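Colleague: If you want the building blocks of each chain, they are given just below.
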Amino acid sequence: MSARPLRVVGQPVPRVDALEKVTGRARYVTDLTVPGMAHAKVLRSPYAHARVKRVDATRARALSGVFAVLAGADLTWCDPYYGPAYRDRPVLAIDVARYEGEPVAAVAAVDEATAERALELVDVDYEPLTAVMTLEEALAPGAPLVHAGQPPAGHFADLSTLRPQPGTNICHQFHFARGAAAAALTGADVVVEDAYRFPSVQHVALEPHAVLAAWDETGALTLWASTQNPYSVRVELAKMFDVPLARIRVVVPHLGGGFGSKTYAKLEPLAATLARVAGRPVRLAASIPEAFQTVRRCASRVMLRVGFRRDGILVAVECDADYDVGAYADIGPRVVQKGTYTATGPYRVPHVRLEARAVYTNTTPGGAFRGFGVPQLAWALESLFDVAADRLNRDPVDLRRQNFLAHGEEFAPGDTPIDGKLEESLSRAAEAIGWTRASAADRGRGVAAMLKASVAPSVSEAIVRLHADGSVTVLASAVEMGQGARTVLAQIAAEVLSVPLDRVTVVQPDTAVTPYDQTTSSSRSTAMTGRAVQVAAEDVREQLLAIAAPSLGLAARDLALADGAVVAASRRLTYAEALALRFGMSGGELIGRGVIAPGRTAAPLGGSTPFWEMAVGAAEVSVDEETGAVRVERYVSVADVGRAINPLTLEGQDEGGVVQGLGHTLLEEMLYADGHLLNGTLLVYRVPRADDAPPELECRFVENADGSGPFGAKGAGEGSLIPVSPAVANALARLTGVRLRELPLTPERVWRALRARSSRT
Amino acid sequence: MLRPFTLHRPATAREACALLAGLGEEAAVYAGGTELLLLMKLGLLRPRHLVDVKRIGGFGDIADGPRLAIGAAVTHRAVERSALVQARCPLVGSVARHVANVRVRNVGTVGGNLAFADPHSDLATLFLTLDAAVELVSPRGSRELPLAEFVRGPWETARASDELLASVRLTPWPSGTAAAYVKFGVHERPTLAVAAALRLDGGGRGGGDRILDARVAVGCVSPRPMRVAAAEASLAGASIADVDGAARAASEIAAASVDPADDLYGSADYKREMVAVFVRRALRIAAARARGAEPSERFPHAVVA
Amino acid sequence: MSGGVTIHVIVNGRARDLEVDVHALLLDVLRDGLDLKGAKRSCDTQVCGACTVLVDGLAVSACTYLAVEADARSVLTVEGLAEGESLHPLQRAFVEAGAVQCGFCTSGMLLTARAMLAENASPTRDDVLHYLRGSLCRCTGYRKIVDAVLAAAETVR
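Chains as they are written, first to last, in the numbering used here: chain R, 37 to 797; chain U, 131 to 435; chain E, 71 to 227.
Just so you know, these hints were derived from the structure itself, not from any lab. On a predicted model such as this, the values are computed, not experimentally measured, just so you know. We put the beta carbon where it would ideally sit given N, CA and C, even for glycine.
Reference excerpt, derived from the structure (chain E facing chain R, CB under 10 Å, subset only):
#1 A109
#2 D114
#3 A120
#4 F164
#5 G168
#6 Y201
#7 L202
Same shape as in the complex, but just chain R:
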């Protein structure tokens, strides 16, 4: 690798899609139309749990302008089940509806108004059944089962070892241990323990799920989908319709936000099914309330016992975590594994016993959401760390520093060693928040740290094409959902091939064109997809050097790329000239390929993480004690990213992560009563507004080029969100002496806790 300074990587360049987005030209799924397109609407179960005895679509089908009406019982000609962990989720409810909002029937009609009217003409007989709405209800002995019998496994190899508990609502169990935790806790000088609850929250991407499905006359299927993993959607549909992968094409335009809500198939199977039966393209777009009925974060109850020696050394962690994955498993089992795997956080702990369970309930399915199980655990661990610091009479920053894993240290046997310097993030965050300076009497400060593994094993492939005029096309399937993936990939290609950024085009993900990428999630797009692009670009570079060498009379190793040309001393061969040389004409292209597929390893989760995501958050809060309203006055996030390929987009992502974290910390919670979701609309589900952002918000990065990604990059985007809730709760505790264990810290919750404190003193 050249030691020459980087030209475009590391620069805060405006994103490559900024212009189309500020001029309204960017296209999202609901902006797309195809000739003959029908509009779909979905009839959803009003019950949390009910037998679907009869669905009569006769009147609906008779309505003029209706092309198809489907119910679960109609789906005899395909495999109607899908799901990445378990294939437990039917396209439309079959015999039983398992959550309020589950699709029971669907209509494709000439326009939305007709589709809505048709829905009203579908008659459904339900027989309500007892529902289990909470972890407690679902785990109670003799509780009604959300799923009778065990559904077949889904398409992820790392989840081939699903471990349900038959006869219960537990669909997966995760267990990890080393040393002798119980004995170590008995012998510990200080043990802190408690149960922490994390609520159900919804992603509220401003663009709800949307998909446009069209079958062609050859029986091939094309979808334009608002999805974070087109390849996962493709494999689900291939199985469902028994069509070869090559004949299913998933195209992804811009996403209006994702945050995990659009990972794995959601509405795509339904749209494809409707399109097949209707005999015409179908566009299915959810509303925001329907998004609340499609996916959410897995709520959790985490019981942790953490043991310390008197000198502050952390000796043992025991974890019993239950995650509410809702009515269908979605990727819940992996969330449970992933979250629990780093239950010990970024610390060295010799004795560990971690148990976690994924539990079905009759609620909206829980799936991936930024943080992927780790926010739920960090909420507990990082809160308890401060409780321990109090008991040990130690400074919380210092206690963390003492126990941090060191750069290069093993996290778990077989997994990647720690590839960053946690201490650096902590020091910078502490300094930025003014940790050692006395805070004002009405302010309190708190810190929290996090560690998260990225999905492994995983695969990213990329193709880079150098055209006859020296411009470049990057083909990769990282989805642009606002995080700036397209820009980062362009920067990487531009850097390796030494061309101006505006000579690089990154095409939209399209499984017919852009090669396999496992998923846009898990903070992996820079490190994995980016690395594939880098390797592909390097492949092109090698080809260029090989072409140029004889022409310039030099060995390839004596050549370099600069400003769109192969150069050596005063000799220069432009790419256009090189290609003309190679092909003997004006035309042709060089194609480079990159495949990043580390494969399975002996690591506990089946693959070694490509990088560790690590970050620290520090909050300074005030509280209006009379109302309990907490205000975050200042927040500092420091993320150890290896190399910020684009510091501008990265800072923007992390600012967004902090504020989204403030959502579940202070404001957001899906509330159920009598089996119904009470607040599935933005009128009564409160997401952060502009004036909720901390007046002082700093997002900073540690860059030691120590990652395995391009130019030493690692991953980012989740690390800014995960520490928010414990940092804020720790700050609140230091300010008021009150320790809350349930989120969100709404004014009323804080007010009650403050009153309880007052009545105790």
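Given the coordinates of chain R, assemble chains U and E onto it according to the supplied hints.
Modeller: Relative to chain R, chains U and E alone:
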């Protein structure tokens, strides 16, 4: 998506009332549509006829007089920017500035807000302290009704189906009155709203220091907004310099007088306690204004006008 | 009036005669009738601001606004902000400040800010927060959006 309807645009109140009388339940009164169109989109209301009141003469006017008359079709934005409102009832303009969001203010109307009677509407709370009365017109003529009698309960008013709310009449406070309005809540609509006005002896700033009479209204926590007469009485005679004690007493009376329910906006006991907190705070701010000061204190999730 | 009517609207500076249903919402007429896809349908309840357009310079929720109300008025959508290829200072500021991520809220943010600047050429940060109270963003955390609006205000001055 909206289902088809016929849109009527009468030029006079008489015409509008005749339409309402003739169409009965098939018709809905339409001004800004910020509430009506939303309910129609949700399928909760399906009127086949909309009677648009925006073209009716006078409905878009703010008229001066012994009382300030705000036409039913006047938007919140127009109220916010009205020099007349600023001159006669400045707090009304300040409160209008904080209704919902800028888009709702540009289109939503005072009349629509009052006639819809959302239990979380905060405008009515303030208006109660201004002896507000609504003017209702019908084929039978016109009548005036005190706002407190007009708003009967959640989404329920005394308006007959063939009656139109034509205007709301506010009696500006005499000079020497200092007031404050505070609403508090996390959601789009507030958990509670408090309006407090203190009339001082001496008739002007820096004049007297005794409260001659007080107005205290609380909204959003009970089925309808209300004046709290007992709290008002407790404030009469109190000294501005010593307002904290009087405010505390008044706030406790106010808290005891409301009838909150547990809902997404808070549990009943929390709401009751917050009524006490914010009545106290509103009175403190009004008292500071009475002394010529403008308090800068602000509270998270609260709007102070 | 009922069924279909003709309205005369100046859309992004161009006079148009549009055939619309009386019950049609402005958002659908713009997106489907005029192919102006910049305004988005998101919450559909006037809370999020993704559907914001300016009618006679005032921000409205096009998702809950009858198209017929735009008759004899001018409507500005995000497509009308730039002058040809020349970006409006707000657009330029959003690009430079990194205030755009997924872009779904961007049209609404830009138009709301434009309306604000027409009323208040020297907004404070608090003024901007007040105006943007009804414009939600889930990606950016708002900081760069507010910075961009303030930067554009300075440029325009």
